[in-house]
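Participant: Single-letter residue listing:
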Amino acid sequence: MATTDTHPPDDQPAAPRLSMRVRRALWVWGFLALPVLFYSVIRFYPTLDAFRLSFTEWNLMRPPKFIGLENYREMFADEDFWQVFRNTFAYLIMGTPISLVVSFTIAYFLDKVRFAHNFLRALYFLPFLTTASAMAWVWRWFYQPAPTGIINSVLSQMGMGQMDFLRSTTWALPSIMVTAIWAGLGFQIIIFMAGLRAIPTTYYEAARIDGVGDWAILRKITLPLLKPTTVFLVVFSSIGFLRIFDQVYNMTNNDPGGPLNSTKPLVLMIYQTAFSSFQMGAAAAQTVVLFTILLIVSLLQLWVLRER
Amino acid sequence: MATIELKSLVKSYGRTEVIHSIDLEVPDGEFVVFVGPSGCGKSTTLRMIAGLEEVSGGEVRIGGRLVNEVDPKARNIAMVFQNYAIYPHMSVRQNIAFGLYTSKMSKEEKNAKVEDAAQMLDLTNLLDRRPSALSGGQRQRVAIGRAMVRDPAAFLFDEPLSNLDAQLRAQMRIEIKALHQRLGTTIAYVTHDQVEAMTMADRIVVMKDGHILQAAPPMEIYDNPVDVFTARFIGTPSMNILPARQTGAGMELAEGAPAVLAGLRPADLRVGETPQSGGMVLSGTVTAVEPLGPETLVHFETGGHAVIGSAPGHEIPAIGSTVTAVTAPGKVHLFDPETEKATGRA
Chain P
1 MATTDTHPPD DQPAAPRLSM RVRRALWVWG FLALPVLFYS VIRFYPTLDA
51 FRLSFTEWNL MRPPKFIGLE NYREMFADED FWQVFRNTFA YLIMGTPISL
101 VVSFTIAYFL DKVRFAHNFL RALYFLPFLT TASAMAWVWR WFYQPAPTGI
151 INSVLSQMGM GQMDFLRSTT WALPSIMVTA IWAGLGFQII IFMAGLRAIP
201 TTYYEAARID GVGDWAILRK ITLPLLKPTT VFLVVFSSIG FLRIFDQVYN
251 MTNNDPGGPL NSTKPLVLMI YQTAFSSFQM GAAAAQTVVL FTILLIVSLL
301 QLWVLRER
Chain L
1 MATIELKSLV KSYGRTEVIH SIDLEVPDGE FVVFVGPSGC GKSTTLRMIA
51 GLEEVSGGEV RIGGRLVNEV DPKARNIAMV FQNYAIYPHM SVRQNIAFGL
101 YTSKMSKEEK NAKVEDAAQM LDLTNLLDRR PSALSGGQRQ RVAIGRAMVR
151 DPAAFLFDEP LSNLDAQLRA QMRIEIKALH QRLGTTIAYV THDQVEAMTM
201 ADRIVVMKDG HILQAAPPME IYDNPVDVFT ARFIGTPSMN ILPARQTGAG
251 MELAEGAPAV LAGLRPADLR VGETPQSGGM VLSGTVTAVE PLGPETLVHF
301 ETGGHAVIGS APGHEIPAIG STVTAVTAPG KVHLFDPETE KATGRA
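Residue numbers (the UniProt record's numbering), protein chains in the order written: chain P, 1 to 308; chain L, 1 to 346.
If you're looking for bench data, these hints aren't it; they were derived computationally from the structure. Even for Gly, the Cβ is constructed at its ideal location relative to N, Cα and C. Careful: at least some of the hints might be erroneous.
[Unchecked claim] In silico DSSO-like cross-links for lysine-lysine, where the CA-CA straight-line distance does not exceed 30 Å:
no., chain 1, residue 1, chain 2, residue 2
1, L, K7, L, K208
2, P, K220, L, K73
3, P, K227, L, K7
4, L, K110, P, K227
5, L, K107, L, K73
[Stated by the list, open to error] Residues from chain L that keep clear of chain P, each with C-beta distances beyond 10 Å, as calculated:
no., residue
6, P37
7, A50
8, L52
9, D71
10, Q82
11, N83
12, A85
13, L134
14, E175
15, A216
16, N224
17, T285
18, L292
19, H299
20, V323
So here's chain P without its partners, still in its complex pose (with noise of 0.2 Å):
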């Protein structure tokens, strides 16, 4: 254009010396630096630097030393590792389920009421605003036993025995458990019910003109449409129970992740090696199964229930 054009109107601007691609590449760019600049300096670089320190000894006061697998060795020669090994997996396998079933239960009959709906989904959704420790505290509070505690208290006055709730060996884990789960409930109802609201109606009154029943609209319909919902919060709240800590570490403090290591997950044992015995080769070990753990566990899922 411009070579035919010998005299070019003075009000016309001139040509940006940029093409337009390169300008909206710049600013789009130029946006992003600062979380991809972030992220790579705050999370991925410590991520990989952890698989390098799996393979050294390293106390914080000395440079790290190569050691080869011996922190692996070790780890896998370690009763108390499988136990907490035995103890994450013991949260994920039963928490995740019943966490789920709860709330789409809550969520599907939530859905239906139209009497105080807003006032109703607020109070489910208020434990997920409410701090972990705090919640753990209000709880270890509530496993107390009599006249401290208002389950045993309960339990007494219908004159059943006090359960040890803390202190047992075997119920310390779902004690925690039930927690864990009351904590993530909200956030879960909320993206259930979301779900829910998005499946069109007329799919509802086409089933009804039908003949179609409560419990197969229920198993035909509405969770076959749900899947990606139920998806999304299988490998999320498995996340989160994999990553326990919070709840452990605040309703054990006394003996964090005890009694005798019955509720020790990953990630408390991680961070005692790591900030109380100061071996951070070893923690680094456990980060890297760890991670392993999330990846298969989360690409398993993603596998089992794709599109097909």
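Please arrange chain L on chain P, whose structure you already have, making use of the hints.
Facilitator: Frame of chain P, contents of chain L only:
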């Protein structure tokens, strides 16, 4: 096969009454189309027939049976929705078979029914596809298939073609009409599109503000609309309504409070024809022309009124030119200016 009767049917939401005691009898096998602007209560009426909305007053009878308190599934009707309501996670076959979910038929019988319906709707090659792999028209056919397999006493259609593009809509109109001729089942069909109403219905029910204005065969409504609203709603382009007064043999434009409203269908207002005695003659300046091929719509202004007439396809007047348009005697619809009710023709 069934009749549908509405007797003094009322629907109210809280204190707001939206359907004001309507009466209608649909004989067995009739294709009746409810038409009206949005909010006129046509969909609500259909949903009351289906049992998706509670009846606030009056009666709904299907096949003579009072169904006010009968569950939708027990009414033996099938419904097709505007958004098709076919399930994205099921194949076409499963979707159609879903209409038979509660039926006590054997598997073979169900399969045979699904195959039959698919054959009739030309879906046989698509039976194993997911709805996401279908076009809008095909999806709507699946929805119709799901309704068909149940052999319902009546089909209810709620704006089934509104989500389709113009070409598909025209094609589906014919298909649904042909289907009705083959099955002979009673159909109640809701639309806001008067072309659909005209082309498909055995009888059109024109609704406005929760009242039935007129229920009659399409040409009867076109020829003898009961009031100004119906006259303007049925037929495209809309009928011209002008204040007028009687002169010796014909009509002429009136100013001030008119004695009568004259309704002229654009198709009857011929531009460029020689005036004869009687009828109505209008002259004005052309503001726009719309050549449609077989005819040309001529927009012109006369006495401060915008009017649409028609000219033969190739006789397109220039914009700004003055034209004379003639309506033959007997083609002028007359309405009372107060009540807007039809009073006859001139």
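Participant: Taking the hints in turn, state whether each one holds.
Facilitator: Consistency of the hints with the structure:
1. Between the alpha carbons of K7(L) and K208(L) the distance comes to roughly 18 Å, so the proposed pair stays at or under 30 Å and holds.
2. Taking the CA atoms of K220(P) and K73(L), the gap is about 17 Å. The hint holds against a cut of 30 Å.
3. Taken as a hint, the K227(P) and K7(L) pair is broken in the structure, with Cα atoms around 45 Å apart against an allowance of 30 Å.
4. Simply put, K110(L) and K227(P) have alpha-carbon atoms about 28 Å apart, close enough for the 30 Å limit, and the pair holds.
5. This hinted pair checks out: K107(L) and K73(L) have alpha carbons roughly 21 Å apart, not beyond 30 Å.
6. Distance check for P37(L) against chain P: the nearest CB is about 22 Å away, which clears 10 Å, and the non-interface claim stands.
7. Distance check on A50(L): its Cβ comes as close as 6 Å (rounded) to a Cβ of chain P, failing to clear the 10 Å threshold; non-interface status is violated.
8. Remark: the non-interface label on L52(L) conflicts with the geometry, its nearest Cβ contact in chain P lying 5 Å away (cut-off 10 Å).
9. For D71(L), the condition that its CB be more than 10 Å from all CB atoms of chain P is violated, with the nearest at approximately 8 Å.
10. For Q82(L), the shortest C-beta to C-beta distance to chain P comes to about 8 Å, within the 10 Å cut-off, and the non-interface label is violated.
11. At the 10 Å boundary, the C-beta of N83(L) falls inside the reach of chain P, the nearest C-beta of that chain being 6 Å off.
12. With a closest Cβ-Cβ approach of about 4 Å to chain P, A85(L) is found to fall inside the 10 Å limit, against its non-interface label.
13. Listed as a non-interface residue, L134(L) keeps its Cβ farther than 10 Å from every Cβ of chain P; the least gap is roughly 17 Å.
14. Every beta carbon of chain P lies more than 10 Å from that of E175(L), the smallest distance being close to 20 Å; the non-interface claim holds.
15. For A216(L), the requirement that its beta carbon stay farther than 10 Å from each beta carbon of chain P is met, with the minimum near 29 Å.
16. Listed as outside the interface, N224(L) is consistent with that label: its C-beta sits roughly 36 Å from the nearest C-beta of chain P, beyond the 10 Å cut-off.
17. Separation of T285(L) from chain P is adequate, the least Cβ-Cβ distance of about 40 Å exceeding the 10 Å criterion.
18. No beta-carbon of chain P comes within 10 Å of the beta-carbon of L292(L); the shortest separation is about 37 Å.
19. Every CB of chain P is more than 10 Å from the CB of H299(L) (nearest about 40 Å), matching its label as outside the interface.
20. V323(L), annotated as away from the interface, keeps every beta carbon of chain P farther than 10 Å; the closest lies near 45 Å.
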